[in-house]
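Chemist: When you line the sequence shown up against the numbering used here, it's residues 58 to 539, in that order.
Calculated directly from the structure, the hints in this document are not laboratory data.
Any given hint could be a false lead.
Stated by the list, open to error - Label pairs and their calculated CB-CB ranges:
| hint | residue 1 | residue 2 | range |
| --- | --- | --- | --- |
| 1 | Y141 | R321 | 42 to 48 Å |
| 2 | G130 | Q79 | 38 to 44 Å |
| 3 | G335 | E215 | 30 to 36 Å |
| 4 | G91 | Y141 | 50 to 56 Å |
| 5 | A317 | T157 | 38 to 44 Å |
Claimed, not checked - Listed next, the in silico SDA-like pairs over lysine to any residue satisfying Cα-Cα at most 20 Å (straight line):
| hint | residue 1 | residue 2 |
| --- | --- | --- |
| 6 | K467 | K374 |
| 7 | K467 | G101 |
| 8 | K374 | G417 |
| 9 | K467 | G91 |
Glycine included, C-beta positions come from ideal geometry on N, C-alpha and C.
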Amino acid sequence: MPGFDTEAHRNALDGVTAGVEQGPFAPSWDSLRGTTIPRWYEDGKFGIFIHWGVYSVPAFDNEWYPRNMYIEGSRAFQHHLETYGPHTEFGYKDFIPQFTAERFDAREWALLFRRAGAQFVVPVAEHHDGFAMYESSFTRWKATEMGPQRDVIGELAEAVREQSMVFGLSSHRAEHWWFFNGGAGFPSDVLGPDYVDLYGPAMRQETQPSEAFLEDWLVRTAELVDRYRPQLLYFDWWIEQPAFAPYLQRLAAYYYNRAAEWGRPVAIDYKHSAFPEGAAVFDVERGQLSGIRHPFWQTDTSVSRNSWCHIEGQDYKDAAELIADLVDVVSKNGALLLNIGPRADGSIPDEDAALLLGIGRWLSRNGEAIYGTRPWTVFGEGPTRPAEGEFTDGTRTEYTREDIRFTTTKDALYATLLVEDAGNEVRIRSLGSSSTLYPREVASVRLLGTGAELEWRRDADALVVQLPADAGPLPALRIQGA
Numbered sequence: 058m059p060g061f062d063t064e065a066h067r068n069a070l071d072g073v074t075a076g077v078e079q080g081p082f083a084p085s086w087d088s089l090r091g092t093t094i095p096r097w098y099e100d101g102k103f104g105i106f107i108h109w110g111v112y113s114v115p116a117f118d119n120e121w122y123p124r125n126m127y128i129e130g131s132r133a134f135q136h137h138l139e140t141y142g143p144h145t146e147f148g149y150k151d152f153i154p155q156f157t158a159e160r161f162d163a164r165e166w167a168l169l170f171r172r173a174g175a176q177f178v179v180p181v182a183e184h185h186d187g188f189a190m191y192e193s194s195f196t197r198w199k200a201t202e203m204g205p206q207r208d209v210i211g212e213l214a215e216a217v218r219e220q221s222m223v224f225g226l227s228s229h230r231a232e233h234w235w236f237f238n239g240g241a242g243f244p245s246d247v248l249g250p251d252y253v254d255l256y257g258p259a260m261r262q263e264t265q266p267s268e269a270f271l272e273d274w275l276v277r278t279a280e281l282v283d284r285y286r287p288q289l290l291y292f293d294w295w296i297e298q299p300a301f302a303p304y305l306q307r308l309a310a311y312y313y314n315r316a317a318e319w320g321r322p323v324a325i326d327y328k329h330s331a332f333p334e335g336a337a338v339f340d341v342e343r344g345q346l347s348g349i350r351h352p353f354w355q356t357d358t359s360v361s362r363n364s365w366c367h368i369e370g371q372d373y374k375d376a377a378e379l380i381a382d383l384v385d386v387v388s389k390n391g392a393l394l395l396n397i398g399p400r401a402d403g404s405i406p407d408e409d410a411a412l413l414l415g416i417g418r419w420l421s422r423n424g425e426a427i428y429g430t431r432p433w434t435v436f437g438e439g440p441t442r443p444a445e446g447e448f449t450d451g452t453r454t455e456y457t458r459e460d461i462r463f464t465t466t467k468d469a470l471y472a473t474l475l476v477e478d479a480g481n482e483v484r485i486r487s488l489g490s491s492s493t494l495y496p497r498e499v500a501s502v503r504l505l506g507t508g509a510e511l512e513w514r515r516d517a518d519a520l521v522v523q524l525p526a527d528a529g530p531l532p533a534l535r536i537q538g539a
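Using the sequences provided together with the hints, build the complete structure.
Modeler: Next up, the structure:
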């Protein structure tokens, strides 16, 4: 692999080896299963994901534009020819000077995320395109020297922590093995010898990555750990390839051992079967689960249905849909990592910001039913069940007034409605006097946000609550036992 056999790489590998050998975790699945999920993660429930990079410049198709622009016959390929010309004259690298980030203000971003009620923030440090948004010792294709000429990740880390949120990072470097392989099949700059260190191996996707590529992935990820000390590491799906397994074990042991040195609880997110149960946190992309899962898990989705990065023509969700997702996921012992896509100039679109602020307003009123809670005996009731599995958030069934989700603390049970139902009578069937789910007497029912005690009665088949006219969207109830 070009550029790998350098003194920096060799020294970094030695450092990883030393870090693996010096700490409580060994590079084996049995040892890594000894990690614990951080309390900040289980209590925090809601985080912000950020897809922002060179792919934000064309703002077309989605964040896979750098791959698709080299796939003959694709929408992005045709758009690229018509807009920018032949791939030999204008390739993906030529977008980098236009990635100026002149309006990027990390403190403004962090303040928005704080107002949204987020407890952790996870920017993408490197996407499949191979452009590092951080200061790296292993590439010249990085934001500190090209495009913004700023350490974007470093600025965000400082700003996020100033707002008392947990800082995490996402690395999608694994997919770079094959991401630009379309450009190797016809005349394009992917074949240019001067750019092989950007476009990478450009191998076929069905081939396993080489030892050189895997070692490069390992030292790049370890560098992210050491330089920015993230408390969450998110990986996309391709790390599940068999060749990655020993490198994942080394990386996880290194990360967990470093965290033990820092005295900071950390976690790793994975998809599919890349890690065994208990060694990291399971993540479901753009999807949910049908029931409560133990241990804790996460879903990541975006404010838009059709892209993770900023594009023209976003198909935005609405705030009520995103809040209902959050409530449903938390009731099933999960967390929601919600993505936004800033523009290439570093500004956050008004639509993205409005959705975040809408969630923040709801959480300022009802956050007691989310933060620090745990799942109840059942996650909820009602006729609507989101489809289980990834990539199902575009096929949602509308919730009804019978759809309710439960969470609990040692002091109270919370019931959150998944639609606006102000002024109506709500029947919570799981809490009827004949139900075995809640054998205690009910002492009070209060509306979060106002603290007002509501009128209620307990019939055999349901706890019947009268909502006031000012109950607000997706109201949450605090039910106190006697």
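Chemist: Decide, hint by hint, whether the structure agrees.
Modeler: Hints versus structure:
1. Y141 / R321: 42 to 48 Å: holds (44 Å)
2. G130 / Q79: 38 to 44 Å: Given about 52 Å between the Cβ atoms, the range is violated.
3. G335 / E215: 30 to 36 Å: Holds: the Cβ-Cβ distance is about 33 Å, inside 30 to 36 Å.
4. G91 / Y141: 50 to 56 Å: For G91 and Y141 the Cβ distance comes to about 51 Å; the hint holds.
5. A317 / T157: 38 to 44 Å: Distance hint for A317, T157 holds at roughly 40 Å.
6. K467 / K374: violated (34 Å)
7. K467 / G101: holds (17 Å)
8. K374 / G417: holds (16 Å)
9. K467 / G91: violated (26 Å)
In summary, the numbered hints that this structure violates are 2, 6 and 9.
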